[in-house]
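Let the hints inform the model, and build the full structure from the sequences given.
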Amino acid sequence: MYSKERLYYLEQFLAYTEELVTALEEERYEELDALLEKRQQVIVAVDALDAAASPQVVQASKPLYLSLLTKIEQQDRQFRELAEKKKQETAYELQKIRASKRLNRSYRNSPYSNEGYYIDQTIGSTKV
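In this text, residue positions in the sequence shown follow the numbering used here: the first is -10, and each later residue adds one.
Simulated from the structure, these hints should not be mistaken for laboratory data. Keep in mind the model is a prediction, meaning the values are calculated, not measured. Ideal Cβ placement from N, Cα and C applies to all residues, glycine included. Do not take every clue at face value.
To be verified - Cβ-Cβ distance ranges computed for the label pairs, FRET-style:
no. : residue 1 : residue 2 : range
1   : Y81       : K60       : 30 to 36 Å
2   : K85       : K60       : 33 to 39 Å
3   : L53       : Q84       : 15 to 21 Å
4   : P52       : Y81       : 41 to 47 Å
5   : Y81       : E(-6)     : 40 to 46 Å
6   : Y54       : Q30       : 17 to 23 Å
7   : E7        : K85       : 30 to 36 Å
8   : Q84       : A23       : 28 to 34 Å
9   : Y54       : L83       : 38 to 44 Å
10  : S95       : E0        : 55 to 61 Å
11  : E26       : R97       : 42 to 48 Å
12  : L57       : Y81       : 35 to 41 Å
See the structure below:
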C-alpha cells in the first residue's frame, strides 16, 4: 500500500514539474502559481505518508523509486535553470525600460527649451 501510494505521488510530482517546464518555455506564466501549489500539496502528502510508515518500510522501498527520483531531480534542475534564465531576461528588460524612461524624462524636463532659445536668438538679432 505504502509503495503504491508513494509511487503515485512521485509520478504526480514529476508530471507537475514537467508541466512547469513546459509552461515556462511557452511563457504561460499565469499557470505557474497553480502548478507550484499542486507540487507543494504532493510534497505534503508524501511527507505525511512517510511519517505514517515505519522507518523500515521507507528504507526498504527507496530502491524502487531511485530511477523516478532521478528523473524528478533532472526535471526540477531544468525548471530551476529555466526559471533563473527567464528571471535574468526579465531583469534585463526592466533595466532597459528604466533606462529609456530616465532618458525620456531627462529630455522632457530640460530646463532650457531649444525652440525658445532659437526664437529669442533670432528676435534679438533683428533689434539691433
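Practice prompt. Provide an ascending list of the numbers of those earlier hints which the structure does not satisfy.
Written response: 3
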